[in-house]
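Asks: Next come the chains, spelled out residue by residue.
Protein chains: 2
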Amino acid sequence: MAQKITKQSEDFSKWYIDTVLNSDMADYAPVKGCMVIKPYGYAIWENMQQALDRMFKESGHVNAYFPLFIPESFLHKEAEHVEGFAPECAVVTHGGGKKLEEPLIVRPTSETVIWAMYAKWIDSHRDLPILINQWANVVRWEMRTRLFLRTTEFLWQEGHTAHATEPEAAQEVQTILDIYAKFAEEYAAVPVLKGRKTEKEKFAGAVYTLCVEALMKDNRALQWGTSHHLGQNFAKAFDVTFQTETGERDYVWATSWGVSTRMVGGLVMVHGDDKGLRLPPKLAPHQVVIVPIYYSDEEKQLVLRKTDELVAQLRPEIRVKVDDRDNYKPGWKFNEWEMKGVPLRIEIGPRDVAENQVMVARRDKGPKEKQKIAFDGLKAAVQTLLDEIQQSLFDEALKFREENSYKVNTYDEFKDALENQLGFLYAHWCGNEACEQAIQEETKATIRCIPLNQEQEDGTCVYCGKPSHGRVPFAKAY
Amino acid sequence: MAQKITKQSEDFSKWYIDTVLNSDMADYAPVKGCMVIKPYGYAIWENMQQALDRMFKESGHVNAYFPLFIPESFLHKEAEHVEGFAPECAVVTHGGGKKLEEPLIVRPTSETVIWAMYAKWIDSHRDLPILINQWANVVRWEMRTRLFLRTTEFLWQEGHTAHATEPEAAQEVQTILDIYAKFAEEYAAVPVLKGRKTEKEKFAGAVYTLCVEALMKDNRALQWGTSHHLGQNFAKAFDVTFQTETGERDYVWATSWGVSTRMVGGLVMVHGDDKGLRLPPKLAPHQVVIVPIYYSDEEKQLVLRKTDELVAQLRPEIRVKVDDRDNYKPGWKFNEWEMKGVPLRIEIGPRDVAENQVMVARRDKGPKEKQKIAFDGLKAAVQTLLDEIQQSLFDEALKFREENSYKVNTYDEFKDALENQLGFLYAHWCGNEACEQAIQEETKATIRCIPLNQEQEDGTCVYCGKPSHGRVPFAKAY
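As you go down the protein sequences, you meet chains A and B in turn.
In terms of the working numbering, the first sequence opens at residue 11 and continues consecutively.
In terms of the working numbering, the second sequence opens at residue 11 and continues consecutively.
There's no promise every hint is true.
To be verified - Negatives, chain A to chain B, calculated, CB over 10 angstroms: (1) Tyr52; (2) Thr208; (3) Ala384; (4) Asn463.
As the list claims (entries may be wrong) - Selected chain B positions facing chain A (in silico; Cβ < 7 angstroms): (5) Phe76; (6) Val101; (7) Ala126.
No lab work stands behind these hints, which were simulated from the structure alone.
The C-beta atom is built at its ideal place from N, Cα and C for all residues, glycine as well.
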C-alpha cells in the first residue's frame with residue numbers, strides 16, 4: 011500500500027496496473043486472464059449496479075437469470091453470431107465424470123439461450139414486450155488481458171428485449187443508450203459520445219449497434235456500453251413468431267445491450283492521477299474518510315468522542331469511513347486514502363475539537379486547498395462539497411476530451427496526430443469498409459462511432475479522397 | 011396461468027412443479043438439469059439477497075468476486091474436499107479453440123481458489139480477520155434435479171473468512187448460523203432447527219458443519235443453510251500462515267457458509283397451498299395487488315382515478331401492483347394473483363369509490379374473510395395486515411412442524427412413522443456412523459442435525475440399543 015506507483019507520464023499502462031493493484035481493487039487470479047475483484051473494487055461495482063438497476067427498473071425492465079451453459083449447436087443458429095463468438099469460447103466437454111454427448115459453451119453472451127426460451131414463452135402480441143435484464147458472469151477467451159478492461163471472465167448486465175414492432179425495438183435501443191450515457195455522465199462523471207458503430211464494428215448478429223464512447227487520460231478511447239438492434243435475426247434463427255393484433259403471425263423484434271466491469275477500469279483511467287484513484291462521490295465506496303489525529307491517550311479519547319458525533323451526524327446519507335488504526339501515522343493514512351481515491355478527507359485533532367471545527371481536504375484539489383469547516387452544519391457542507399467534486403471531476407474530464415479532440419483533414423495530419431498521442435481525431439470518411447480497414451491496419455486507429463449528432467459537412471475521405479458528408483471520430487482504443 | 015394445479019394431497023411433488031411453473035417463477039432450460047429463473051422467481055431471490063446482504067454487511071462482511079474457473083489441481087489439495095466434489099464437476103477442456111494444458115473446473119464451491127488467493131494476501135495478524143462474501147453461480151453435476159431444489163447450476167452466496175484464532179472462527183460459524191436462522195424465521199417465515207451435522211453429513215473438508223433445517227408440507231426436511239468450521243484444513247492445504255502478535259507463524263483458521271436459490275423452493279413448500287404460492291410479505295415481489303372493477307367506461311375512469319390515489323398513498327413503502335388489464339375478468343385475475351401468492355388483494359369498484367372504502371382479501375385466509383377498509387388511513391391498515399400475514403404464516407408453519415415432530419423409541423415405531431409420512435422423528439442414536447448409515451439405507455431417513463439445544467435424556471439407540479444421552483431428529487430430506 012505504501013508503495014509508489016509509476017507516473018502516468020512515464021508509462022500509463024503501468025500506472026494503471028499499479029493503481030488497480032495498490033488501491034486494492036483487484037488481483038490476478040490463478041487462471042490466466044481471470045481476475046479477482048477485491049472488496050474495494052467490488053464495492054465500486056455494487057454502486058454501479060445499484061444505480062443502473064434502479065434506472066432499468068424505472069424504465070419497466072425486470073431481472074431474471076438464464077443458464078451459464080449453452081448447447082454448442084445453439085451458437086450455430088445465427089450465422090454472424092457464431093462467427094463472432096465461436097473463437098472466444100470456453101467449452102465444457104465433461105460433466106459428472108462422463109464425456110458429454112454435446113459439448114456446452116460457457117456463455118460469452120446469452121442471446122442464443124434466451125431466444126430459445128422466448129420461443130417457448132411468446133405466442134401472442136399480448137406476451138410482448140418482454141423487457142428482461144440479467145446480471146451475470148460471461149466468459150470470452152482472451153489472449154491479451156488487462157485487469158477490468160479485458161479479462162477472460164467478466165461481470166456484466168445483459169438486457170434482452172422482445173417487441174411486436176420494429177419502431178418499438180428501435181426506441182428501446184435508444185432508451186437504453188440514453189440510460190448508459192446518463193449513468194456515465196451523472197454517476198461516473200465520464201463524458202461520453204453517443205453514436206452508431208460502423209458495419210465492421212457492430213455486434214455479431216445485430217442490424218446495428220449504438221454505443222457510448224469515452225476518452226481515457228492516455229488519449230485512447232474506451233467503449234463504455236453498447237445497445238444493439240437485433241432486428242428479426244434471432245427470432246428467425248430460433249423461429250420465434252407471435253400472433254399480431256390482426257391475427258397474422260410475424261417474427262418478433264429484438265434488442266440486446268450491456269455494460270460490464272470494464273467500466274470500473276474506465277473510471278480509473280478517466281479520473282486517476284499520479285497519486286492513484288480519484289473516485290466520483292456517487293460511486294465511491296467511502297465518500298468521506300475521517301482521520302482522527304492525537305498524540306496521547308487523553309487526546310485520543312477527546313478526538314474519538316468527537317469523531318463519533320461527526321459520524322452520527324453524517325450517516326446514513328453519507329458513506330463515511332473512520333480510519334482509527336493505531337499502527338499507522340496520519341500522513342501514511344492520508345497517502346493510502348488518496349491512493350484509494352476517497353473524494354473527501356476530514357482531519358480532526360485536539361485543537362479542532364477545541365475550536366469546534368474540522369479540516370477538510372478534497373481529493374480532486376491540491377493539498378494546499380484544505381479548508382476549515384465548522385462542526386455545526388457539517389453535513390450540509392459535506393454534501394455540497396461532494397456535489398462540487400462530482401461536478402468538477404466531470405468538468406475536468408470533459409475539458410480534457412475537448413482539448414484532445416481534433417479535426418484532421420489529410421492522412422498525413424491524421425498519422426501525425428496519432429504519433430503525438432492525440433485523442434479523438436475527427437476525419438472525413440467515405441463510408442467504405444475498405445478505407446476503414448486500411449486505416450486500422452496502418453495506424454491501429456478505429457472509427458469509434460458515427461455520432462448521433464453528426465454535423466453535415468462536405469469533405470473528402472481522409473484515405474481515398476472520395477466525397478464524405480460528415481466527420482467521424484477515430485482513435486486508438488482499448 | 012389459468013390451468014389447474016395438482017392438489018398437494020394427491021401428489022406433492024407434482025403440486026410443487028405445477029406451482030413453480032404456473033406461478034411463472036421458473037422454467038426448464040435447454041441444458042438438462044439447468045433452470046431459468048423467470049422474473050417473478052428472480053424478484054423473490056432479489057428480496058432474499060437484499061435482506062441477507064444487509065445482515066452480512068451489518069456484521070462486518072464485505073463482498074468480492076472470485077473466478078468461475080478453478081485449476082483442476084487445486085481441488086486435489088484438500089483430500090476430503092476433492093473426494094466430495096470431484097464426482098460432481100463440470101470440466102472445461104478447451105478455450106479459444108485450443109485444448110487447455112490443465113483442465114479447468116467450473117466452481118462447485120470456491121474454497122480452493124479463495125484460499126489460493128488468501129495465501130497471497132495474508133502475512134500478518136494485522137491482515138486478519140478477512141470477512142468476505144460473494145454472490146455467485148456454482149455448478150454441481152446432478153443426475154436427479156428439481157427446479158430450485160436441486161439444479162446443476164444454482165445461485166448462492168458463499169462466505170469465506172480467515173481468522174487468527176480458533177475461537178474467533180468458531181464464533182463466526184455461530185454468528186452466521188444465527189443470521190441464517192433469523193432470515194429464515196423473520197423474512198421467509200420459515201421456522202428452523204439449529205444444529206450440527208453428523209460427521210457423515212458434514213461438508214467435505216470441514217471440521218464441523220452447523221446447519222438450519224426446515225420441515226416442508228410433505229413432511230420432508232430441507233437443509234436451509236450451512237455454516238462450516240474449516241479449522242486449519244484449507245490453510246494447510248494452501249500453506250497460508252501468518253505472523254502472530256508474539257512473532258511466531260501459525261496456520262490461519264477458516265470458515266465458509268452458504269445459502270442458495272433452493273431457499274426459494276423451500277419457501278414454496280413451507281407456505282404453498284392448493285391454490286398455489288403464499289408468499290410472506292417481506293419477500294413478496296408484490297405485497298399488494300389492486301384489482302380495479304368496472305363495467306363501463308365511466309366506471310373505469312372513476313375507479314382508475316381512485317386507484318391512482320390509492321397507489322400514491324401506499325408507495326413507496328409498500329410494493330403495490332395494479333392489475334388494470336382490460337382483457338381479463340376480475341375473477342380470473344383473483345385466481346392468478348392467488349396462484350402467485352400475493353399476500354393482500356385490494357378490490358375497488360364504483361360502489362367502493364362512493365363509500366370511500368375498499369375490499370381487502372388476505373391470501374393466507376379463506377375468501378369468506380374479506381373485509382372492508384376505509385380509504386382514509388388505508389396505508390397503516392395495510393401495513394398492519396401485512397405484519398399479521400407475515401406472523402400468521404410463520405405461526406402456521408411452526409404449528410405444522412410441532413404437530414409433525416414425534417418422539418419414537420423403537421425401530422418399529424420409527425419405520426411405522428416413516429410409512430405414515432410423519433415429519434421430524436426424534437430418536438435416540440448411539441453416535442455411531444454404522445447405525446446412521448444402516449438406518450439411511452433401510453429407511454432413506456437421515457439425521458438432520460444434532461440440535462444445538464439438545465436435551466439431555468438417557469435412552470438407547472433406536473438401531474443398535476447401545477446407550478444414548480439425547481435424541482436427534484431424523485427425516486427424509488430433499
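Asks: Need the list of violated hint numbers for this structure, in ascending order.
Replies: Of the numbered hints, just 1 does not hold.
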